[in-house]
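As they're listed, the protein sequences go chains H and V. All residue numbers for the first sequence refer to our numbering, where the first residue is -12 and numbers rise by one. All residue numbers for the second sequence refer to our numbering, where the first residue is -12 and numbers rise by one.
Some hints here could point you the wrong way.
Facing chain V, a subset of chain H residues (Cβ under 10 Å, in silico) [to be verified]:
{"id": "1", "residue": "Ile12"}
{"id": "2", "residue": "Leu18"}
{"id": "3", "residue": "Ile65"}
{"id": "4", "residue": "Asn131"}
{"id": "5", "residue": "Leu135"}
{"id": "6", "residue": "Phe169"}
{"id": "7", "residue": "Val173"}
{"id": "8", "residue": "Leu204"}
{"id": "9", "residue": "Thr205"}
{"id": "10", "residue": "Ser224"}
{"id": "11", "residue": "Lys248"}
Keep in mind the hints are simulated off the structure, nothing from the lab. This one's a predicted model, so the numbers in the text were calculated from it and none came from an experiment. Using N, Cα and C, we set each Cβ at its ideal position, and we do this for glycine too.
Number of protein chains: 2
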Amino acid sequence: MKTSQWEDNQLPKLTNAQASLTKIIEVINNLGEKQSLEIPTERALTVYVDKKEIVTLMTLGAYPEWLVLGYLLNQRLINSALELESITVDWEVSAAAVKTYNGIVNLKKKTAKHIVTTGCGQGSMFGNLMDNIADIQLPESTINQSQLYSIVNTIRINDSVYKSAGSVHGCALFEGESMRVFIEDVGRHNALDSIAGWMAIHPEVIHNKVFYTTGRLTSEMIIKAAQMGVPIVISRSGITEMGYYIAQKLNLCAIGRATNKRFFCFTAPDRLVLGF
Amino acid sequence: MKTSQWEDNQLPKLTNAQASLTKIIEVINNLGEKQSLEIPTERALTVYVDKKEIVTLMTLGAYPEWLVLGYLLNQRLINSALELESITVDWEVSAAAVKTYNGIVNLKKKTAKHIVTTGCGQGSMFGNLMDNIADIQLPESTINQSQLYSIVNTIRINDSVYKSAGSVHGCALFEGESMRVFIEDVGRHNALDSIAGWMAIHPEVIHNKVFYTTGRLTSEMIIKAAQMGVPIVISRSGITEMGYYIAQKLNLCAIGRATNKRFFCFTAPDRLVLGF
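Isolated chain H, as found in the complex:
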């Protein structure tokens, strides 16, 4: 049963321009032998909104339309996918053409501030992202230890570019312990933005949202997860001081170093139900 907030025909029209994600190259190994190696692609995608150039994203190219949509949302350049008529990605010209219904209010002001972030990944936020985090109210959900282990295991056995070619970050959105979407990109912020884009065109309500990332939990990762209404974030890696501070402030449960049966719960331990 679909509980969408709106009809599908209101959603923006998206192309489906997935590009090839890996390439085989020839390398020399430590024994001096030639061997083949699979590496991830990395492409430039310049985003134009109503023909105005906004940004160039460097991406793997798995889900470019979701990436562009999520980018515009996470940068707060738009508030909803419904503001867009279409996103047309054309790899021939490395461009994503975004068509809005009514333009973007204050586009110049919104793109003027320039923050360069620490994150492994896309990195740059058009200022003011921190401004409204105090207003964010995350849902009351919790996670129990067996769900946490189940999520880590689902990622472990999931087929991925990382397994074949390395050098990409993956992230996934879970509903409880059930994986809804898994996305990889050369930058972990691109992967996260793509998930935001996916969410925006799958508007059925997802309860018990849990976000998984292979990347580190820096300030930007925590802020973006919170903006997406995700109260529980699991990472294979660690956390920085500012990520920790913001997660604490938002009562967002940040769990890190999660591999096999090991983890650290950094913040909001009341959201983690220990034991089986």
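Use these hints to put chain V onto chain H, whose structure you have.
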């Protein structure tokens, strides 16, 4: 013997505002026990050039003055450290005040284009970085296999925030197999920019430059290394297709997955002398 191209008193005056690099937090582990954990700091540093706000960098804070100087150089906002009178970092206000002698030519134009990169780290380049790479002529130097192993081992035994707190990237500049400077940051591009800053105020000629990074070799990492005149780059991680393509084009020797005695030479194998 110093073979500096200019006198020390011409160099910009720099503060020495190193901040504390780690913080101890209390976490819950998978056994439900409380334990202490060291995490890296992450601070916002807003850069003002002649009182004009340029960018906010998220950084560990180890060498903020070198970071700011290297950032301005790598973004091609300045061509030489000699254009600057001073860089004053004050963590109380999270600001770096840069004073130039004669302003920055075309500042508005240079900061208008906005590229968001894949890199783990600082990520954003003010456009046009790719424009002049065809002009770059890298020095003719090579590396032999034992030097490569020596470099990997030097990094392995080096004291680091990574060892105590994780979640940071490290990079280092070597002269042959001798380590000249090692810098860590929450973003690998910050670490690399800081090395560029260090180089700019240590203008003695360094022969046989080799750059080591724990991070992935994306397009931006290769371009920045090339801009710094480094013909050999070693990484603990892999390479992306665009990093590979640019390294090949520049005849820059990119070596990856370098741990212990294993590695892959991705590009310019003529610069790697195999055997002992």
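Now for the hints, and whether the structure bears them out:
no. : hint   : verdict
1   : Ile12  : holds (6 Å)
2   : Leu18  : holds (9 Å)
3   : Ile65  : violated (17 Å)
4   : Asn131 : violated (12 Å)
5   : Leu135 : holds (9 Å)
6   : Phe169 : violated (19 Å)
7   : Val173 : holds (4 Å)
8   : Leu204 : holds (8 Å)
9   : Thr205 : holds (6 Å)
10  : Ser224 : holds (6 Å)
11  : Lys248 : holds (6 Å)
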